[in-house]
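Chain S is already provided as a structure; the job is to place chain L on it using the hints.
Chains as they are written, first to last, in this note's numbering: chain S, 1 to 301; chain L, 1 to 659.
I should point out that these hints are in silico values taken from the structure, not numbers from a laboratory. Just so it is clear, CB atoms sit at the ideal spot from N, CA and C, and this is done for glycine as well. Be a bit skeptical, because a hint or two may be false.
[As the list claims (entries may be wrong)] Mimicking DSBU-like on lysine-lysine, the simulated pairs with C-alpha atoms at most 35 Å apart in a straight line are: (1) 590/L <-> 578/L; (2) 590/L <-> 233/S; (3) 60/S <-> 590/L.
[Unchecked claim] Selected chain S positions facing chain L (Cβ under 8 Å, derived; list incomplete): (4) 35; (5) 50; (6) 51; (7) 53; (8) 92; (9) 105; (10) 179; (11) 204; (12) 221.
[What the hints assert, rightly or not] On the chain S side, residues computed to face chain L include the following (Cβ under 10 Å): (13) 14; (14) 33; (15) 69; (16) 203; (17) 214; (18) 241; (19) 247; (20) 248.
Spelled out, the chains give:
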Amino acid sequence: MFTLLLAITTTVYVRSANIAILEPAGPVAAAEKDVIVTTALLCALVVVPVFGMLFVFAWKYRATNPDAHGEHHPTWDHYNWIAEVIWWIIPSAIIAILGVIAVQSSNALDPYKPLPTGEPVLTINVIALDWKWLFIYPEQGIASVNLVEFPENTSVHFYLTADAPMNSFWIPQLAGQIMVMPGMTTQLNLAASRTGDFNGFSGNISGQGFAGMAFTARAVSQSEFDEWVASVKASSTPLTYETYTALAQPSEYAPVTYYAPAADVFQPTVMKYMTPGSSMYSAMLEAMGSSAAPTATSTTP
Amino acid sequence: MSLQEFIFGKLSWSVLPDNLIAWSGAIILLAGVVAVLAAITYFGRWKWLWSEWLTSLDPKKIGVMYIVVAGAMLIRGGADALLIRTQQATSVGDSFGILSATHFQEIFSAHGSIMIFFVAMGFMFGLINLVVPLQIGARDVAFPFLNSASFWLFCAGAALINCSLLLGDFSTAGWLAYPPLSELAYSPTTGVDYWIWSLQIAGLGSLLSGVNFFATIVKMRAKGMTWMRLPMFCWTVLGSMSLVVFAFPILTVTLALLYLDRTAAMHFFTAGQGGNMMMYVNLIWAWGHPEVYILILPAFGVFSEIVPVFSSKKLAGYTSMVLSIWAIVVLSFIVWLHHFFTMGAGADVNAFFGIMTAVIAVPTGVKIFNWLFTMYRGKIRFTSPMLWFMGFVVLFTLGGVAGVIMAEPPADYELHNSLFLVAHFHTMIVSGVLFGYFAGLTYWFPKIFGFRLDEKWGIRAFWLWLIGFILAFGPLYLLGLEGATRRLDHYSASLGWQPLFAVAGIGAILIAIGFCCQIAQLVASIRLRHENRTSGDPWNGRTLEWSVSSPAPSYNFAAQPVVHARDEFWEEKMSGSKQDRQFEDFSMPKNSGAGAIIAAFVFVLAFGAVWHIWWLVALGLLGAATTLILRTFDEDTEVYIRASEVAHREAGLRPASAV
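Chain S extracted, bound-state conformation (with noise of 0.2 Å):
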């Protein structure tokens, strides 16, 4: 009865709720989500089983029913060997089909790996902050905090860093996560194959402040981007490194904020903490007498 209500609540909920990884916006959320659902099926290849045989067995051997005492055989331990190596070789056989979906799959969605279509290529530099998020468009030379605005069908390529504790940059309807910590840069490949807002999150417990890391993804025409680009070079303050500095002062449910002309921060950031001793200023200047270009900060994949 209980089993019974709650098949049918938790189906009309799934049906009725926006399930945003089973509902993907994008290629690779779409691949990661026919991951899930191959391994899920292929699972249920041997829970069926399992369960079938854990309510008959239990109900046909209950101790209550004597039309089973005559089966009973207290020093049956099966099955000759033969039985046992079925026992084995069935999950195994499941298992290898798995091992060769992680392979492929791990392969084809390393996020690294930058998307297979002809598509231009946006980069945006991410820095995780005390507690929001800072996009740096360094072709465009614009920034802004807590959104980041792409044309769909165009692969955005984003380098990620922290200059805060770790966390994890995570838009579930376009793309899994990838962790984003201070020092390193790890990067992320994901494409919007329609228009929308998207929910993003930091899904790693970064402070006091980590439940205002959350951030809108909004996917838009290629005109609709221009026109934005266009509107925030028109009216914004500039991103300095004096007012970057002020910007990752810890600050909790910050709101979306635009900055050009932007100073890409990005490779300086990382620097900071690659170089022993050194003020965060001085850290900064340093870096900027070297190249401060975006693809200079793309670690091998």
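Coordinates of chain L only, in the frame set by chain S:
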């Protein structure tokens, strides 16, 4: 350093709780402690408690004390769980719930640390103490004094973690305290130090216990108990203890390095200055992954004892079961990276660890098949231990599927750090580990106390736990798929998550009621103990522990048993043969308070280390070392028991034969 700093370290009046909820936690804790102490004083039980329990080296008594402490810590961890569920059900949109973000983070960090280290580990060592010597036909463990010291170190850790309720705060960095958040730069208060030291002490106790029970099973089996006659619970304990011995030193070192970072300005894991935070994450999981198998293996062992007994049939596939245990032991050390597939390691690294993770499902699956075929053609009695088993199979299988899904790295990218993951590991730890231990406690309780636990309340507790669990964690699987990350103290109303969080809250309340039923079960069982008195063999058992009287005598076996078969006691009952009971003189360890005293000094040391009161550290170290050295000079540690004395005692205690 000023005089005040020298004397009090970082302690000051400002470390007392600063809000109502934190104060109520502190007051409940203090009131509880005072009530217990007052009750002992009122009933004049101090001397009895000290000489019969606290100083006892009898593993059965140590086992009971482990379970009592684990039960008390379950109340603490459970209260934390209810606060977490309340916060997440109410803190949405414009409402920010009942807890501040920081307080919420302390609570979930404490919840995880307490449930793993002080509930699951405590419960596990409790059961092992109760059962292992009896099952292998031994009178004691290999190192009885070490066993007592381990238990008291566990208690010292439990006491220290609870000190943070009153003095200072607790870690806000989650149960594994990833740096750099757990480093001084981001966690400047003593919270993380409490976490480090309570785990460090309890972990030391666990390591020593691991050595002890490993040695016990290897060296102290009864004559004739060859490896392939070893009861399955002991096999799983041997596997688990092997993991303890290899894994816990990693934890000890990792915690020590983190403490050096925080205290001695070192840079093992800091952001910058050459520190490598991912090194910590690797190390902590190199311990942490085996840890979950440390917990689950003995639960598998419990089920391997219960299913044959309540099916009146021998365990199917004994050899397979042994092989699968050791497959799990080996594999559990080469899967740790699956906890951070999202680190950005290359595809091949991720694929390797993904495959290894999935492979662990094979021996686990084989175990489930073997339990099911033990039921096949059996005569199954659905007592409450058997119900826990049924619940376990259903939930654990589904939770295992969730685990296999996340073993695929690309699937894990989407599910990692989400509530799906949280639901998965709670399924493994609650419906796997805890259900198993509950079943084991119900099963072996009469052996220790001589009367059964009340079945009526036990069955009520089971159904509340089962339904409560489904309601509490089913919604978390869905929430994870909806993109809900773990550890959120607040979320936007537009996400539409609140109804599911509310259902999860109801589930948590049902589990709490289920726990109350277990308390009621204990009370009812004690009140009805005269009706529920049992023979030595209340369940028609199969292994040696059921061949002695209930409660088992302090020396377990009057005459050392000789083993001729796998299910020795069952075979004896079937063939009508009896053990040849030739009584001989033997010695048993005397009580010793040294373990408790050492642990008390270690507590002082750790408390000093948390608050930077260095003279306390020195005092604790000196005290612990001196007590230990003095104990080694004590040569009067054994009491001699004469054969005639045993014969006299046994005359009134011959176990009634099988049901």
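- Looking back at the hints listed earlier, which ones does the structure fail to meet? Violated hints (numbers, rising): 2, 3, 12, 18, 19, 20; every other hint is consistent with the structure.
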